[in-house]
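Asks: Taken in order, these protein sequences are the chains called A and B.
Numbers 16 to 448, taken from the numbering used here, label the letters of the first sequence in order.
Numbers -19 to 126, taken from the numbering used here, label the letters of the second sequence in order.
Read the hints as simulated data drawn from the structure, not as lab findings.
No residue lacks a Cβ here, since even glycine has one placed at the ideal position from N, Cα and C.
Warning: the hint list may mix true and false statements.
Chain B is faced by these chain A residues, among others (derived, beta-carbon under 10 Å) [claimed, not checked]:
(1) Leu41
(2) Tyr45
(3) Leu49
(4) Gly50
(5) Glu52
(6) Gly62
(7) Trp70
(8) Gly180
(9) Cys185
(10) Glu186
(11) Arg188
(12) Ala239
(13) Gln241
(14) Ser252
(15) Asp253
(16) Leu256
Ranges of calculated distance between the beta carbons of each label pair, as one might list FRET restraints [what the hints assert, rightly or not]:
(17) A:Ala428 x B:Arg88: 45 to 55 Å
(18) B:Asp122 x A:Gly419: 35 to 45 Å
(19) A:Asn255 x B:Asp114: 29 to 39 Å
(20) A:Glu298 x B:Ser29: 43 to 53 Å
(21) A:Pro222 x B:Asp114: 48 to 58 Å
Straight-line Cα separation of at most 20 Å, SDA-like style, residue types lysine to any residue; simulated pairs [unchecked claim]:
(22) A:Lys72 x A:Ser18
(23) B:Lys124 x B:Gly40
(24) B:Lys(-4) x A:Ser18
(25) A:Lys401 x B:Lys124
(26) B:Lys34 x A:Val317
(27) B:Lys(-4) x A:Asp47
(28) B:Lys(-4) x A:Glu40
(29) A:Lys401 x A:Asn353
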Amino acid sequence: MVSLTAEEEAMLGGESGAAVAKAMELLVRYADALGAERFVETNNIAGVPGSSPQWVKDHYAADGGDYRAVFSRYDLDSDEVVDVPRMNAFSCHLQGGMDPEFWREQGMSEAAHANFVSDSAQVEAHGIQLLKTCTPYLAGNMPVRGEHCAWMESSAVVFANSVVGARTNCEGRESTSAAMLARRIPDWGFHRDDFRLGHHSVSVEVPVDSIFEWGMLGYYVGDAVQDSIPVITGALSDANLIRHKHFGAAAASSGGVEMYHMVGITPEAPNVEAAFGGSARGERFVYDAAARRRIYEVLNSVGTSTDVDYVMLGCPHASIEQIAEIAALIEGRKVSVNSALWVFTSRAVKAAADASGYTKILRDAGGYLMTDTCSAISQAVPKGTKVAALDSAKQVHYLPAMMGIEGWYGTTAECIDAACTGKWRGRLEGRLA
Amino acid sequence: MSETIEKPRLVIHGRKVVGGVAEGEALVTRETISGWGGIDSNSGTVIESRHELKGVSFAGKILVFPGAKGSSGWSNAFHLARLRGTAPLAMVFTVMTTKIALGAVVMRIPTVTDCDADPLEVIRTGDWVRVDGDAGTISIWDRKPG
């Protein structure tokens, strides 16, 4: 059984109100399920509090069928409906269901949009930051090393643990909503030092430099180590935020990697010894030319048609640097009449793209810069889509399976080329071909 | 009531994750399961492209598997399955994660882990299984007893 401080006992007893008590009840059940012995305090929460499609609200019709009912009965898994106050922790809303401006283009109904507007107003009224992104760290919530967080979104979790050295498990909707009220999360997993040490080695023996290469390596690593912690050494170069973003998202999708060490690159891996907490252990995997080719083939195994009718970029949500690159690639060109181009980002980054002129360049070319969501989250693709081109291994992993379409994986430039020509001409070329 | 109740083939013991008692037919897989993007909550069916259970429903079954993988939407996808009435009856798993712990809690189904025998070895799809979450016991029959 999890042990509680006097303050936590008081919260559970209702001294901070009924909603906080229900939040603590759920967190105690969760901590006991994990076998956690105590809680850690956290003031950095990212989740999807209270947002729900209409059918979930209808499910709780007898309880009022509103935000309050859903937050109580679903988010807090409470048998009673309680008044939900403003959140007590610094709380952020991650990605949502549609673009606030281009929802019609995404095929959303008036009713679904009205529900979206209503949920957004409630999120705002409860003191939750409307970041609406899978990349909170690019939109105003960058944690620091050692900070205890409670985040959802596997790609953001792996980034926070690995690149920043912040501490979060891969939390879920209900635990993050409860933590927003109680400012507590079970002291288990990545909150603890020994849990963060490496399990297996990955030796990189082909040059991995671009976003495209980092994405493929991530997909390989996740497949190799599943949900354990890899310690990666070798021919990795040009580390930056975007490359880490694509690597981590891919590794979290093909396996379930929630933390990785790159020796000499990530903060908890100054050397191999530090990454493992001693000498290397576990298995040793080698990423060589053959492994690289195999991963490329796996990522390009869903489909055969080279007639691309949809290009989706921005998984995880594009950074301003990526949007600048996309704008440079497409300026003066036009999206093919046989294709469509949707680029996804956060509202914060879109504001910067608007100010920098990139949104207009993209629009003039016939593409869209959208926020809040992506095709996988919203299950929205342009009408009649059969073949998509993507520059994200994570999106290739999910979108074709979810939507029953074909998918190609390539570089951002290959994807822009496909958007403008309607043809896929990507290949694994260059020095290793 | 018959006077002799058929003895289980085997009883194994583990740790309670979520209490309660349920019994039903086992569905066993050696592969972890994704929640969001990996299952259809409406039908309680695995949809992941290369999964050995693709197209198979876990609704009303005792789900025996290594555990959860993939998106942080795991608990949400299985919680929605509970609302739709397509959740498993109980779960037995081998690898603890935050995803499966939270998912088990919000589905409110008897769940056991840390067993004294490998459940993936000793339980077969189609076995009749009784999971007592509070006691941490899993009783296994070849078929529904009595």
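Asks: Return the numbers of the hints above that this structure violates; sort them in rising order.
Replies: Hint check: 5, 8, 12, 14, 15, 16, 19, 20, 22 and 25 fail, others pass.
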